[in-house]
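Number of protein chains: 4
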Amino acid sequence: MKILLTNDDGVQGLGMLKLAEYLKDKYKVTVVAPEKERSAISHAITLHKPLRLKKVKEEDGLKIYAANGTPSDCVKLGIEVVLEEKPDIIISGINEGLNLGTDILYSGTVSAAIEAAIYAIPAIAVSLAETADIEDRRIYKFLENLIEKVLEKGLPKNTLLNVNIPDFKKGIKGVKATILGKRIYIETFQKNYDPRGKEYYWMAGKISEIEKDERTDIVSVKEGYISITPIHFDLTEYNMINILNSWDIKIE
Amino acid sequence: MKILLTNDDGVQGLGMLKLAEYLKDKYKVTVVAPEKERSAISHAITLHKPLRLKKVKEEDGLKIYAANGTPSDCVKLGIEVVLEEKPDIIISGINEGLNLGTDILYSGTVSAAIEAAIYAIPAIAVSLAETADIEDRRIYKFLENLIEKVLEKGLPKNTLLNVNIPDFKKGIKGVKATILGKRIYIETFQKNYDPRGKEYYWMAGKISEIEKDERTDIVSVKEGYISITPIHFDLTEYNMINILNSWDIKIE
Amino acid sequence: MKILLTNDDGVQGLGMLKLAEYLKDKYKVTVVAPEKERSAISHAITLHKPLRLKKVKEEDGLKIYAANGTPSDCVKLGIEVVLEEKPDIIISGINEGLNLGTDILYSGTVSAAIEAAIYAIPAIAVSLAETADIEDRRIYKFLENLIEKVLEKGLPKNTLLNVNIPDFKKGIKGVKATILGKRIYIETFQKNYDPRGKEYYWMAGKISEIEKDERTDIVSVKEGYISITPIHFDLTEYNMINILNSWDIKIE
Amino acid sequence: MKILLTNDDGVQGLGMLKLAEYLKDKYKVTVVAPEKERSAISHAITLHKPLRLKKVKEEDGLKIYAANGTPSDCVKLGIEVVLEEKPDIIISGINEGLNLGTDILYSGTVSAAIEAAIYAIPAIAVSLAETADIEDRRIYKFLENLIEKVLEKGLPKNTLLNVNIPDFKKGIKGVKATILGKRIYIETFQKNYDPRGKEYYWMAGKISEIEKDERTDIVSVKEGYISITPIHFDLTEYNMINILNSWDIKIE
Chain X
60 MKILLTNDDG
70 VQGLGMLKLA
80 EYLKDKYKVT
90 VVAPEKERSA
100 ISHAITLHKP
110 LRLKKVKEED
120 GLKIYAANGT
130 PSDCVKLGIE
140 VVLEEKPDII
150 ISGINEGLNL
160 GTDILYSGTV
170 SAAIEAAIYA
180 IPAIAVSLAE
190 TADIEDRRIY
200 KFLENLIEKV
210 LEKGLPKNTL
220 LNVNIPDFKK
230 GIKGVKATIL
240 GKRIYIETFQ
250 KNYDPRGKEY
260 YWMAGKISEI
270 EKDERTDIVS
280 VKEGYISITP
290 IHFDLTEYNM
300 INILNSWDIK
310 IE
Chain R
60 MKILLTNDDG
70 VQGLGMLKLA
80 EYLKDKYKVT
90 VVAPEKERSA
100 ISHAITLHKP
110 LRLKKVKEED
120 GLKIYAANGT
130 PSDCVKLGIE
140 VVLEEKPDII
150 ISGINEGLNL
160 GTDILYSGTV
170 SAAIEAAIYA
180 IPAIAVSLAE
190 TADIEDRRIY
200 KFLENLIEKV
210 LEKGLPKNTL
220 LNVNIPDFKK
230 GIKGVKATIL
240 GKRIYIETFQ
250 KNYDPRGKEY
260 YWMAGKISEI
270 EKDERTDIVS
280 VKEGYISITP
290 IHFDLTEYNM
300 INILNSWDIK
310 IE
Chain D
60 MKILLTNDDG
70 VQGLGMLKLA
80 EYLKDKYKVT
90 VVAPEKERSA
100 ISHAITLHKP
110 LRLKKVKEED
120 GLKIYAANGT
130 PSDCVKLGIE
140 VVLEEKPDII
150 ISGINEGLNL
160 GTDILYSGTV
170 SAAIEAAIYA
180 IPAIAVSLAE
190 TADIEDRRIY
200 KFLENLIEKV
210 LEKGLPKNTL
220 LNVNIPDFKK
230 GIKGVKATIL
240 GKRIYIETFQ
250 KNYDPRGKEY
260 YWMAGKISEI
270 EKDERTDIVS
280 VKEGYISITP
290 IHFDLTEYNM
300 INILNSWDIK
310 IE
Chain S
60 MKILLTNDDG
70 VQGLGMLKLA
80 EYLKDKYKVT
90 VVAPEKERSA
100 ISHAITLHKP
110 LRLKKVKEED
120 GLKIYAANGT
130 PSDCVKLGIE
140 VVLEEKPDII
150 ISGINEGLNL
160 GTDILYSGTV
170 SAAIEAAIYA
180 IPAIAVSLAE
190 TADIEDRRIY
200 KFLENLIEKV
210 LEKGLPKNTL
220 LNVNIPDFKK
230 GIKGVKATIL
240 GKRIYIETFQ
250 KNYDPRGKEY
260 YWMAGKISEI
270 EKDERTDIVS
280 VKEGYISITP
290 IHFDLTEYNM
300 INILNSWDIK
310 IE
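Chains as they are written, first to last, in the numbering used here: chain X, 60 to 311; chain R, 60 to 311; chain D, 60 to 311; chain S, 60 to 311.
There's no promise every hint is true.
As the list claims (entries may be wrong) - What follows is a set of in silico ranges between Cβ atoms, one per label pair, in the way DEER data are often shown:
(1) D:E189 to R:K212: 49 to 59 Å
(2) S:E258 to R:G233: 32 to 42 Å
(3) R:E118 to D:V115: 13 to 23 Å
(4) S:A263 to D:N217: 21 to 31 Å
(5) X:R196 to R:N301: 25 to 35 Å
(6) S:E273 to D:I266: 14 to 24 Å
(7) S:D192 to R:K271: 58 to 68 Å
(8) R:I245 to X:D119: 28 to 38 Å
(9) S:I266 to X:D195: 38 to 48 Å
(10) S:K145 to D:K116: 47 to 57 Å
(11) X:K200 to D:V115: 51 to 61 Å
(12) R:N301 to X:I245: 50 to 60 Å
What the hints assert, rightly or not - Calculated from the model, a selection of chain X residues having no Cβ within reach of chain R, i.e. all distances over 10 Å:
(13) L73
(14) D84
(15) D192
(16) I193
(17) A236
(18) G256
Hint data in this document are derived by calculation from the structure and do not stem from the laboratory. Cβ atoms here follow ideal geometry from the backbone N, Cα and C, with glycine treated the same way.
If we strip away everything but chain X, and leave its shape as in the complex, we get (with noise of 0.2 Å):
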């Protein structure tokens, strides 16, 4: 079984190196990930100029590369360039800080995660808490669980999972799958001025609304549950066609 790992974390991740480093052992591992972190990049990709890739480390079972790309740059050249067939599975991740809710538009991993979906090939995003211990091996067990679940059943067309992995030192419940739940910041930017007396904003969010709904990715990892959220990415409101239809909205 071949393995796509990539992360927005860069090349460099902690997280994403350990997860190679203990799938190289049953799976023919690769990472293409980007030379440099690329959080909160979303889904952009590199259209104006060109790509570079760097082979870092070789070894049995496993080959590192380095992109200059963004995360979704990182899964097209590794299906495009780097591998020879399709993965069998792409892994984004260990992010090192939990994707939840909303914010997951804004996810550099997850959007890696829904690149890969795209080329219909099976694709979970994982995520940890910040304080958690990366080198918790539960952490690796339950994944390599969870990999070994998803090659046996497959996921419907157009899905992928985004997992969400609590601090295990605070217990854990569980596993439980999830819907996504809200996020809403307010005061979002702080103003202050730089040594040379610019004016500058610097984003930064504080969470206004506690979601309370147990059935959310948001709560449940909250409470000491491994999230697993199943993601689609159709956008169509198919709702709103009707409505629209009947506005009768002129040219000229």
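Once you've looked at the hints, dock chains R, D and S against the given chain X.
Here is chains R, D and S on its own, set in the frame of chain X:
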């Protein structure tokens, strides 16, 4: 009525500036746009460095600001920093080039409108065929009508509109509510060598399968319709929740 | 006579555009400037990705191009791509902010003029005190006189001029040929934390030692003179050749 | 003795890492290098956004930091933020690729050493022929000897050394103190079209005139010598001061 305008072509973008000029007679128009072209940037936001905002023009009914951020950053800056009150509507575009089907996942134009919808502000993303005549007054008259309609009727919660306008030179069939079509690419990268002999890959992409579904934006625009696709941004795949719960994935 | 203009403030830079407008009555003026601000970029050039060139304005006696490169890239593009014949003189500026003493090593404005001199084209870097009135017609009249003089007399091989213009509101003492002064900074970095609590360092820089040598550009500008420093770019320290040869450094 | 190391190839640069490993037995070595490749960046510094510093390795006698800045930024960060005391010497390199003649004006490697000299710290820029064997122990032994000599003898004020090491496979003639040669390029840009049909220009550059002066770094390296060029950074052209004063340039 207050309109906030942005785009991903940058603050010099002709489509946006012409729309701003057209709308400023009727509305109070504020433009906050990237200082340089940021296409294919998707929903990327700038967390790790500060943003700069610069007023580049101020005249009756029109203020224009440039920011060193992404289209989504510009929407956030517009709402949270530039405007004293929430705008009544946000327009992203006019993008010179269509944003259709699966490709909207990569689009900065559409992502800026999604960002607006996250703020619960009615939003329209507008894209124009590259060969079209950006001076054609019918484009602006249609958009004025659409804006009026949205302000009058409102949009359902968490819904925005993605508008694609064909080349009118080939005739206009009318306005059509559409669903997102599918875009599959092949041979995505051109491999080549730079003047110093170093290998590079440049994303190319030929469309491999022709979308034929008449309900889609892709086919509708090709046939000469102005396409309006209602867009949501809830990526939860509800149908798979039960399947996932039945999987019984072990942690250890 | 053909003049090529560039700067490091970007193609919207007011100082450069006003100079271009002033000079276009008398000369054929072509502007090739960075699409965005590139100050403190020094002599950087773009080897590893391609450059784009975009005509942004064309009118009688004046063409303006924007490039996605550095000031030095712009000089190269101007000479090798845009202009059919070598320009008679290249002006870099008017930079809004002085470029004095040791600091010219960091300056994109001065480096662009050095690049011109490498091409054996007479070149002048022009910088203006930040508090000065960029509308003051005397600035432009003086530069016209200086350009005339350089075109008439020529410049020695591998030599260019670095001009710094003080705030005329404080009186003008005259024009003075100067040497580069010394700028020593202390406490160069402000340490701080971003909104996510991550440490960063922002270059600040207070000048520690006041230059007192009256022959220097620093002192001359402070006293109200327009400073003209003749600049070369041969970095060989000839005096040390013999010392080095006496060292007898072993290889193995 | 404390050595600060940097480069413009990035913190993964093999030449720099091998030198660090070699020197750490004898000296206390600290590396502060750009997180990614920054060649041809010249003396650029980062004024308008904050810098990040990340410790990537710590072991006996060797600490390695990555920064999101230029080589000159790294020297400043090394001296002002990372090290408690001024280093005894700063080495920039080993750059994989020579830095010869006029081209050193563009070089990040040489500019980092100039930055060190501005701080009055002895500095050596080191570059190696691209075809050379970076494992050749003689390179490191020679550099150790040179460092010892510089620490013993000191360098004149405002002077640094630019060292270029040829491919030893072609034989080593010895060590030679040199002057900077001249590099003139022709046909600098390759014009081409990207996959979307948009024109671009890629800096190419063929050397047009062959430097023949035996005293130069260019000829010396070609002949098999290790070249050491003493470098200063006073760009004043003193010979032109009197000429300029005689010009009598009018202001109005």
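Here's how the hints hold up against the structure:
{"no.": "1", "hint": "D:E189 to R:K212: 49 to 59 Å", "verdict": "holds, 52 Å"}
{"no.": "2", "hint": "S:E258 to R:G233: 32 to 42 Å", "verdict": "holds, 37 Å"}
{"no.": "3", "hint": "R:E118 to D:V115: 13 to 23 Å", "verdict": "holds, 20 Å"}
{"no.": "4", "hint": "S:A263 to D:N217: 21 to 31 Å", "verdict": "holds, 24 Å"}
{"no.": "5", "hint": "X:R196 to R:N301: 25 to 35 Å", "verdict": "holds, 30 Å"}
{"no.": "6", "hint": "S:E273 to D:I266: 14 to 24 Å", "verdict": "violated, 43 Å"}
{"no.": "7", "hint": "S:D192 to R:K271: 58 to 68 Å", "verdict": "holds, 60 Å"}
{"no.": "8", "hint": "R:I245 to X:D119: 28 to 38 Å", "verdict": "holds, 33 Å"}
{"no.": "9", "hint": "S:I266 to X:D195: 38 to 48 Å", "verdict": "violated, 57 Å"}
{"no.": "10", "hint": "S:K145 to D:K116: 47 to 57 Å", "verdict": "holds, 50 Å"}
{"no.": "11", "hint": "X:K200 to D:V115: 51 to 61 Å", "verdict": "holds, 59 Å"}
{"no.": "12", "hint": "R:N301 to X:I245: 50 to 60 Å", "verdict": "violated, 35 Å"}
{"no.": "13", "hint": "L73", "verdict": "holds, 18 Å"}
{"no.": "14", "hint": "D84", "verdict": "holds, 18 Å"}
{"no.": "15", "hint": "D192", "verdict": "holds, 15 Å"}
{"no.": "16", "hint": "I193", "verdict": "holds, 16 Å"}
{"no.": "17", "hint": "A236", "verdict": "violated, 4 Å"}
{"no.": "18", "hint": "G256", "verdict": "holds, 13 Å"}
Comparing the model with each earlier hint shows violations of hints 6, 9, 12, 17; every other hint is respected.
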